[in-house]
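With the hints as your guide, set chain B onto chain A.
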Amino acid sequence: MNWDELPEAVRRVLEFKEARRKELAKLPPEEKLRIIVEMQKWARAAHLATGRPPTPVWDLEVLMQRRDPAANG
Amino acid sequence: MNEAVRVFRELQAEGVIRQFALGGAAALVFYTEPVLTYDLDFFVIVDAPPGQVFSMQPLYEHLKRKGCTIAGEQVMIGGAPVQVLIAYNPLVEEAVREACELPFNGEHVPVMTPEYLIAIALQTSRYKDRERVHLLLEQAAIDEAKLSDILTRHGLIEAWETIRRKQ
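Protein chains in written order, with the working numbering: chain A, 895 to 967; chain B, 12 to 178.
Chain A with its partners taken away, still in its complex shape (with noise of 0.2 Å):
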């Protein structure tokens, strides 16, 4: 089945979440590696409630943190 094949309500949904997608991609670094974390959280959930060990979650407060901010650059 082709793209002009699929059903119209089926095609605006993948056109939402493709536009989206890249809405997703032109986000700055800093943003995106915030969702990470949101999905290693819900990763770890998923791990946690189908018996299977836990998976990292990132300190995102940690891994923001700028000791020296004129150091660099």
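For the record, the hints were derived by calculation from the structure and aren't laboratory data. One or more hints might be untrue.
Claimed, not checked - Straight line, CA to CA, 20 Å or less: simulated EDC-like cross-link-like pairs of lysine to aspartate or glutamate:
| no. | chain 1 | residue 1 | chain 2 | residue 2 |
| --- | --- | --- | --- | --- |
| 1 | B | 77 | B | 109 |
| 2 | B | 177 | B | 142 |
| 3 | A | 911 | B | 172 |
| 4 | A | 935 | A | 953 |
| 5 | A | 916 | B | 142 |
| 6 | B | 157 | B | 169 |
| 7 | A | 911 | B | 44 |
| 8 | B | 75 | B | 142 |
| 9 | B | 139 | B | 50 |
| 10 | A | 916 | B | 149 |
| 11 | A | 920 | B | 149 |
| 12 | B | 139 | B | 44 |
| 13 | B | 139 | B | 109 |
| 14 | A | 935 | B | 44 |
| 15 | A | 920 | B | 25 |
| 16 | A | 911 | B | 154 |
| 17 | A | 935 | A | 925 |
| 18 | A | 935 | A | 909 |
| 19 | B | 157 | B | 118 |
| 20 | A | 935 | B | 50 |
| 21 | B | 139 | B | 149 |
| 22 | A | 935 | A | 924 |
| 23 | A | 916 | A | 932 |
| 24 | A | 911 | A | 899 |
| 25 | A | 920 | A | 902 |
| 26 | B | 139 | B | 21 |
| 27 | A | 920 | B | 105 |
| 28 | A | 920 | B | 21 |
| 29 | B | 75 | B | 109 |
| 30 | A | 920 | B | 172 |
| 31 | A | 916 | A | 899 |
| 32 | B | 177 | B | 149 |
| 33 | B | 177 | B | 155 |
| 34 | B | 177 | B | 118 |
| 35 | B | 157 | B | 112 |
| 36 | A | 920 | A | 909 |
| 37 | A | 916 | B | 44 |
| 38 | B | 139 | B | 172 |
| 39 | B | 157 | B | 72 |
Just chain B now, with coordinates in the frame of chain A:
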């Protein structure tokens, strides 16, 4: 991330490593939609005689002295597990050397460029690597001439053509 970069810059200043750059899935935050990952892959170039097996131990010792915790093959630096990877072949070494300093959280991070991330993913070619190639091609600004040059010089044209046919 900032703390990890600070630690690597110190190692560089002390001559422990020659150069370093962020690669792997974490590098994608600079070019594509976010992708789930659990560690920050930092690739390093060290001075080692050609052909000699490099031991990570001295590097880990330096990191421990800086207050980092070593857990297996990962180093906990500033809130995230960091995977320190020696630039293991000429392509990866070149990717580290050609990395761009990109702004992050008020500072700068040396990040592998999307062309090198594609080339490395083609070389490793696991399922997730091939997915990354598609993601980068779809969402990152790629310098096609530069990519073509890298792929040609590192013998990756066939792998590239295979993946393009499947797109």
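Does the structure keep residue 77 (chain B) and residue 109 (chain B) at a Cα separation of 20 Å or less?
violated (27 Å)
Checking one constraint from the list: CA of residue 920 (chain A) to CA of residue 149 (chain B), max 20 Å. Satisfied?
Distance ~12 Å between residue 920 (chain A) and residue 149 (chain B) Cα, so the pair holds.
Would you mind confirming whether the straight-line C-alpha gap from residue 935 (chain A) to residue 925 (chain A) stays at or under 20 Å?
With a Cα-Cα distance of about 16 Å, the restraint between residue 935 (chain A) and residue 925 (chain A) holds, given a limit of 20 Å.
Given the hinted pair residue 911 (chain A) and residue 172 (chain B), is their alpha-carbon gap at most 20 Å?
Outside the cut-off at roughly 28 Å; violated.
Do the alpha carbons of residue 911 (chain A) and residue 154 (chain B) lie within 20 Å of each other, as the hint requires?
This hinted pair is violated, its Cα atoms lying about 26 Å apart.
Proposed proximity, residue 109 (chain B) with residue 75 (chain B) (alpha carbon, max 20 Å):
violated (28 Å)
Does the alpha-carbon distance linking residue 177 (chain B) and residue 155 (chain B) stay inside the 20 Å limit?
Satisfied, since the Cα-Cα distance of roughly 19 Å is no more than 20 Å.
Hint check: residue 911 (chain A) vs residue 899 (chain A), CA-CA at most 20 Å. Holds or violated?
Roughly 18 Å between the alpha carbons, so the hint for residue 911 (chain A) and residue 899 (chain A) holds.
Keeping to a limit of 20 Å between CA atoms, is the pair of residue 177 (chain B) and residue 142 (chain B) held or broken?
holds (11 Å)
Are the Cα atoms of residue 139 (chain B) and residue 172 (chain B) separated by 20 Å or less?
Holds, at roughly 18 Å.
Could you grab the alpha-carbon distance between residue 75 (chain B) and residue 142 (chain B) and see if it respects the 20 Å cut-off?
Answer violated: residue 75 (chain B) to residue 142 (chain B) is near 35 Å, above 20 Å.
Holds or violated: residue 935 (chain A) to residue 50 (chain B), with C-alpha atoms at most 20 Å apart
holds (14 Å)
The structure fails to meet hints 1, 3, 8, 13, 15, 16, 18, 19, 25, 26, 27, 28, 29, 30, 31, 34, 39 from the earlier list, while all remaining hints are met.
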